[in-house]
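There are 2 protein chains.
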Amino acid sequence: MRDVFVAGVGMSQFGKQLPKGLKQLAAEAVLPALADAGAVASSLEAVYGGNAVAGLITGQEMIRTQVALRPLGIEGVPVFNVENACASSASAFHLAWQSVACGVHDVVLAIGLEKMTHRDKAVSFGAVGTAVDLEQRDEMAAALGAGDDSSRSFFMDIYAGMTKEYMERSGATQADMAAVVVKAHRHAALNPKAQYRDEVSLDEVMNSREIAWPLTLLMCAPIGDGAAAAVLASEEGMARLAGATDRPRVRVLASVIRSGTALGSGRAKSAVLTAQSAFERAGVAPSDIDCAEVHDATAPAELFIYEDLGFAAPGEAPRLLASGATALGGSMPVNTSGGLLCKGHPIGATGIAQIVETTWQLRGEAGARQVPGARLALTHNGGGWLDEDSAAMAVHIFERI
Amino acid sequence: MRDVFVAGVGMSQFGKQLPKGLKQLAAEAVLPALADAGAVASSLEAVYGGNAVAGLITGQEMIRTQVALRPLGIEGVPVFNVENACASSASAFHLAWQSVACGVHDVVLAIGLEKMTHRDKAVSFGAVGTAVDLEQRDEMAAALGAGDDSSRSFFMDIYAGMTKEYMERSGATQADMAAVVVKAHRHAALNPKAQYRDEVSLDEVMNSREIAWPLTLLMCAPIGDGAAAAVLASEEGMARLAGATDRPRVRVLASVIRSGTALGSGRAKSAVLTAQSAFERAGVAPSDIDCAEVHDATAPAELFIYEDLGFAAPGEAPRLLASGATALGGSMPVNTSGGLLCKGHPIGATGIAQIVETTWQLRGEAGARQVPGARLALTHNGGGWLDEDSAAMAVHIFERI
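Line order of the protein sequences matches chains C and W. For the first sequence, the working numbering begins at 15 and goes up steadily by one. For the second sequence, the working numbering begins at 15 and goes up steadily by one.
Excised from the complex, chain C in its bound form:
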């Protein structure tokens, strides 16, 4: 396997942007990513595009990446449209990485694209709700007492159930969940691309509308639109590009994807196994990580993930959070971008948006939210839900060199 570098990154504004279509969102991510890499459209040898629900929102299906990128003159190369629910663009990045690592290509583009807003909110929620086995959905909804009227409450009911179980087991409180949100808003306030840039208090989070106890509205990632792009290159590819040479390079240390598994039981076993593989391939330990972007689709998820990734022992995540270690200024800030909760979660774009943030951190280009001296960064991105585990789980580890 050859070394693969993140040669350039870019992302659009995230947020509810009803008038913007996929072409505009793509341009806002790809043009900065190309410029950042010192590349032009014709530098690209292949394109891997991740998208999840824009087809259901806009009607454009099957060749979404080609359609979105054609106005930028990106054409005549292999283009693949990759879907894996909320892990769509981490999956696209993985396939792009694989093609460079294996020597098939020297310079490729990975892009995550998403359009979720629709005049009718029920269309947006309905689209998100297709990331499960529809045949299981009714059974699950009935078991959760969730009714079957809203896809959103269905997913949120899954998270609520896991959270109640976690609270019983660990002694965590609803306030612990709210503290994740306070941190996320504090980080996002420093991120010009974030959907929400206001700070909130613990009380505001606790008192916001209840979605499914113990989850309140502010504990749930919002609907939004956005795109994020990364140019990946081999050593040879880097030499060909005109990107800045006086800055640190970002190298992919591990790129691991797996789907959920029947091995053992319990929530999100795949996250544990995927992270273990990634740490093993990277040759680093959880304690070596300087900053991370993780899949906080709800606030409690961030706590679960601390434990899945080995950042905290079972039941200890609230203590890790309370220590300040995972906030800016701490020893291992998590979700400096504001995370899915506040930067936003245009689902097909999220995986690469996480990689954009960690790239900026590793290069020292994260501005007011910079983690000083960050050298190792991790991204964790999960997608879909099947048999009580993620249908797709992606963990990436990056190194500044």
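A hint or two may mislead.
Unchecked claim - Simulated coverage check for chain W against chain C, where a stretch passes if three residues somewhere in it have a Cβ under 8 Å from a Cβ of chain C: (1) 64 to 71; (2) 116 to 127; (3) 138 to 148; (4) 261 to 268; (5) 292 to 303; (6) 398 to 404.
What the hints assert, rightly or not - 20 Å max Cα-Cα, derived SDA-like pairs, lysine to any residue: (7) K34/C / L148/W; (8) K283/C / G329/C; (9) K37/C / D152/W; (10) K37/W / L86/W; (11) K34/C / E149/W.
Calculated directly from the structure, the hints in this document are not laboratory data. Everything numeric in this text was worked out from a predicted model, so none of it was measured. Backbone N, C-alpha and C define an ideal beta-carbon position, used for all residues, glycine too.
Add chain W to chain C, keeping to what the hints say.
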């Protein structure tokens, strides 16, 4: 790059199968493919699934491959959902090939899955009609005088326009197009998996309902459901599998994908360029090919493709057809399966279904439609339409060893 072998293949019945869901169709393709390869679910190290419109038909989106394969115990490995319109599963096969060729995996599954039938036929046609840039579609429809009421007539109007232009240029007649259909039905009559197994006369084709002159109903591929699967393996993977060792091996000589391009102008330039790359990588010439499966979404397309692939000089395709060379018994039979026209065209399954047929041919397992001594086979699969060219074009070349 390592050698990659098609270790096992399988396909479901093709046709209008309204009661069958993706899980059943998947099982009908995957179980025979695993058995053929001497593999079990746990032999697979990754899965690449191609699908195009089943999401719009069934509501199941984002994690379709995981959902369809979970009942077969295929889990805990990377699973990628790949979309590229009618070239979705050729794209999935290409990515699977890449991962084995590059040494990432030794045994992987590529599957093409499709569900097109819907109680409301307009839903099926509407789904197919999303394989273009929707913003271009209205303009194109207006330019073609096609109206905007039916996605089917829109695509068929594109083909009709190309056919009229071809007829003017080459002197070909409507009867030449009809002759493609007569051949396709004759071949499909020998294929138990085919959607249509009846022979038809030239008159029946000419006199069937006009769709868009010169195209009649029988000149257009039907709507249908189906799945096709292939197990790919490296030399090491083959040694690990329990597949029959006393039969010829099928090796991938070339796997090339590209999207359409602005290079030059004119219809389906990408087919010419993709085929040239494939022949170059395989180190063989068009005249070396013993049998081929090509993307005859309409009857005239088969004639165009003869010329795009270099099987016939420009304008000479009708003569090649009339000579009998591309019919069973000729020197290079094309679409021995019955092609998209008669075997059927469940669009996300088509690319791999072509590979299933060529694998059977190369192994001498094609029964009544066997091409004696076939040693080199080609598949040609195109998807989507953008700026007057295919959005995705795939050419594969296989060799018996």
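Evaluation of the provided hints:
Using a Cβ-Cβ cut-off of 8 Å, 4 residues of the region 64 to 71 of chain W lie near chain C, which meets the minimum of three, so the contact claim holds. Check on the region 116 to 127 of chain W: 3 of its residues sit with their Cβ under 8 Å from a Cβ of chain C, so the three-residue criterion for coverage holds. Against chain C, the region 138 to 148 of chain W contributes 6 residues with a C-beta closer than 8 Å to a partner C-beta. That satisfies the three-residue criterion, and the hint holds. Given as covered by chain C, the region 261 to 268 of chain W fails the check, having 0 residues with a CB less than 8 Å from a CB of that chain where 3 are the minimum.
Note: the region 292 to 303 of chain W has 0 residues with beta-carbon separation from chain C under 8 Å; the three-residue rule is not met and the coverage is violated. Counting residues of the region 398 to 404 of chain W whose beta-carbon sits less than 8 Å from any beta-carbon of chain C gives 3, enough to reach three: the coverage restraint holds. At roughly 15 Å between alpha-carbon atoms, K34/C and L148/W fall within 20 Å of each other, so this suggested pair holds. For the hint pairing K283/C with G329/C, the CA-to-CA distance comes to about 16 Å; that is within 20 Å, so the pair holds.
Annotation: proposed proximity of K37/C to D152/W holds, straight-line Cα distance about 17 Å (limit 20 Å). Proposed proximity of K37/W and L86/W is supported: the alpha carbons are some 9 Å apart, at most 20 Å. In summary, the hint linking K34/C to E149/W is supported, as the alpha carbons are separated by about 14 Å, within the 20 Å threshold.
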